[in-house]
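Protein chains: 2
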Amino acid sequence: MLGNFTYCNPTKLYFGKGAVKNIGKELKKYGRNVVLIYGNGSIKKNGIYDEVVKILAECGKTVSEIAGVMPNPTVDKLYEGVEIARKAKADLLLAVGGGSVCDYAKAVAVSVNCDEDPWEKYYVRFEEPTCEVVPVGCVLTMVGTGSEMNAGSVITNHKTKMKVGHVFADESVMPRFSVLDPTYTLTLPHYQMVAGIYDIFNHICEQYFSGEDDCVSDYLSEGLMRSLLHSSRIANKDMQNYEARSNIMWTATWALNTLVSRGKTTDWEVHMLGQAVGAHTDATHGMTLAAVSLPYYRHIMPYGLKKFVRFAKEVWNVDPAGKTDEQVANEGLAAMEGWMKELGLVMKISDLGVTEDMIEGIADSTLVMQGGYKVLTRDEIVQVLKECM
Amino acid sequence: MLGNFTYCNPTKLYFGKGAVKNIGKELKKYGRNVVLIYGNGSIKKNGIYDEVVKILAECGKTVSEIAGVMPNPTVDKLYEGVEIARKAKADLLLAVGGGSVCDYAKAVAVSVNCDEDPWEKYYVRFEEPTCEVVPVGCVLTMVGTGSEMNAGSVITNHKTKMKVGHVFADESVMPRFSVLDPTYTLTLPHYQMVAGIYDIFNHICEQYFSGEDDCVSDYLSEGLMRSLLHSSRIANKDMQNYEARSNIMWTATWALNTLVSRGKTTDWEVHMLGQAVGAHTDATHGMTLAAVSLPYYRHIMPYGLKKFVRFAKEVWNVDPAGKTDEQVANEGLAAMEGWMKELGLVMKISDLGVTEDMIEGIADSTLVMQGGYKVLTRDEIVQVLKECM
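Chains as they are written, first to last, in full-length UniProt numbering: chain A, 1 to 389; chain B, 1 to 389.
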């Protein structure tokens with residue numbers, strides 16, 4: 001690694017069966033007023049809601065609620081939550097749900113004490129909070145986004161057709177604690193599980209496919225990818241396999257808590273394309289990434305050939321004997337395609353509701369990142385999106 | 001991963017050339033009284049001392065010093081440092097040096113406000129601090145121990161011939177911040193560099209060679225080992241190669257900051273053997289580990305054959321075609337031996353000053369760990385030590 005960097009990630013993680021019982025000692029560190037944040041109410045069906053509410057009551061907390069956080073949380077929902085948290089004089093925001101609920105809690109956390117419009121400040125101008133940030137805790141029920149141990153927060157604005165992620169630099173935006181109980185993920189539908197698995201895989205790819213220098217981070221990424229491929233194949237056939245689901249949950253956290261980007265540049269163009277598709281279709285995040293990945297990677301492969309060869313050999317065990325670099329790299333991507341189909345991922349944006357007439361609008365919503373092996377032009381974005389149909 | 005666990009590592013790391021300039025903002029968080037802790041004075045020759053003292057002065061700190069911390073810090077030196085820190089009413093202990101200096105600073109940190117004998121409390125009874133822990137910051141000048149981002153602290157008692165490491169569970173023992181500037185390590189002698197490299201490698205092995213379950217941690221360990229092998233070969237030939245030294249420095253931190261032990265059992269018997277040799281010879285830590293490793297691993301290999309086969313294939317690229325598991329495992333250890341000799345590591349404890357008549361005493365000083373593939377008997381310890389001669 002040639003670059004300078006800072007690493008700090010103070011989130012305390014409680015991992016394993018029954019880990020939620022640890023939140024009592026965390027709750028003691030904060031004031032009386034807790035705002036409980038959750039999504040569509042599935043936590044009321046599977047008992048997690050009751051479990052958390054019981055602990056909050058035992059700790060003598062006054063609980064307000066923000067319910068109905070949607071899979072792609074909107075800016076209007078953010079405004080609504082900020083009002084609730086202000087009224088409650090929130091000392092702690094406790095997110096119980098998947099990445100969207102965690103992302104949303106962080107967006108509320110930086111907005112409660114903010115005088116400006118948070119959408120403008122954080123998601124248009126990408127500023128850091130200048131006000132006090134309300135502490136966030138997470139009880140994770142879905143795996144993929146890594147939101148439980150980072151300072152990232154994605155919010156969607158339907159008016160401007162933008163789905164924007166902001167990774168805050170300020171550590172105080174990171175959850176103070178997160179509970180990761182793999183058993184909470186066992187009731188998820190297969191579609192959600194594999195979308196989450198691909199989200200994890202792509203988080204690693206976005207950080208891996210960038211830069212030319214030799215860097216520990218890439219070796220760690222390869223380890224995470226190998227572990228994820230192994231466990232995903234087990235979980236795909238046997239969703240109730242605790243060991244595999246547990247490995248997947250832990251991989252998700254480390255795929256996006258800044259570790260594997262230390263000392264290197266990163267890409268994130270697949271996320272920009274996928275998020276643009278998401279803003280126009282409201283499709284599941286991981287599936288939007290799956291549907292745009294291969295055309296994008298095949299498009300940039302000639303510009304980052306050496307890394308794609310390494311990917312093929314180290315992640316997919318492609319034997320390079322007697323082959324050109326292009327052949328090895330293509331075999332790696334073909335192996336990745338095979339795995340994606342095995343999982344049953346959505347491989348085309350047309351299967352997510354995108355029609356030909358939407359392509360230009362999606363291209364307009366696609367931010368262009370600078371860290372990939374090829375910085376896309378507007379024409380290339382349109383071309384890649386057409387290849388995703 | 002099948003186990004439950006907690007992960008929390010709040011140490012803030014500043015990495016790269018010139019990273020020391022960041023300590024100014026950290027120093028602001030603590031009171032006026034800083035105790036500067038360092039070793040044999042090499043930091044006065046290479047300019048690091050002047051650089052740190054200048055920043056302390058700019059921040060208006062009152063500075064006391066504990067100088068002359070030895071490579072294997074002793075309990076007598078600990079008592080001396082505790083007195084200095086008490087007199088100085090230390091608000092921060094700033095360790096500038098290698099792992100021994102950091103370890104020592106942590107030992108002082110938990111002892112300043114402790115009413116009992118710290119050796120008895122922490123290194124005999126292995127208790128957690130029940131008093132306020134003085135914050136520690138580190139400026140690292142040598143690579144290997146990982147002490148910059150963990151709560152471990154090794155202290156040697158020459159009277160009882162014990163070199164004992166205590167990994168505290170309390171996060172407050174971890175350094176609050178650490179500065180990792182690879183250029184600080186470029187002036188080290190080759191002997192110290194390779195001893196540090198082997199220390200890192202063995203930290204990973206101690207966590208890798210334990211347990212039967214499928215665990216993300218083992219994949220991360222393989223990534224770290226592959227990166228370390230690659231960079232160590234470059235650094236061995238070209239000690240001034242910044243990129244390689246930088247990768248080695250970062251690997252050292254992640255090899256022993258608890259990440260790669262999450263969700264699994266661990267061994268640490270090589271450290272118990274090596275530390276016993278160290279207590280009797282005062283030899284360089286990494287070299288004691290190098291000199292005992294292969295006889296130990298060859299001894300336990302039949303009991304953990306599956307893992308040694310995986311090690312051979314994933315870390316050393318041994319081709320298993322047409323070979324028995326024993327052959328594959330042995331080829332892996334042979335490849336490891338080749339790499340160790342290439343680096344010029346000490347391969348025999350007799351080369352560290354151990355004589356036949358010391359074996360029984362070293363065996364008496366060797367703690368027996370429970371997590372390895374074979375829990376050693378007293379006879380096996382003696383046998384392994386004899387094979388190390």
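A hint or two may mislead.
Since the list can't tell identical chains apart, any single copy or any two copies may satisfy a pair.
As the list claims (entries may be wrong) - Straight-line alpha carbon distances no greater than 30 Å define the calculated DSS-like cross-link-like pairs of lysine-lysine that follow:
no., residue 1, residue 2
1, Lys28, Lys237
2, Lys306, Lys89
3, Lys25, Lys12
4, Lys313, Lys159
5, Lys25, Lys121
Simulated from the structure, these hints should not be mistaken for lab results.
Here is how each hint holds up against the structure:
For the identical chains of this complex, Lys28 and Lys237 are neighbours neither inside a copy (41 Å) nor across copies (54 Å), given an alpha-carbon limit of 30 Å. For the homomeric pair Lys306 and Lys89, neither the shortest alpha-carbon distance inside one copy (54 Å) nor that between copies (56 Å) is at most 30 Å. When the C-alpha separation of Lys25 and Lys12 is checked against a cutoff of 30 Å, the pair qualifies both within a copy, at 12 Å, and between copies, at 24 Å. Taking the shortest Cα distances, Lys313 and Lys159 never come within 30 Å of each other, neither inside one copy (45 Å) nor across copies (54 Å).
Taking the shortest Cα distances, Lys25 and Lys121 sit within 30 Å of each other only across copies (26 Å), while inside one copy they are farther apart (34 Å).
Hint violations for this structure: numbers 1, 2 and 4, all remaining hints satisfied.
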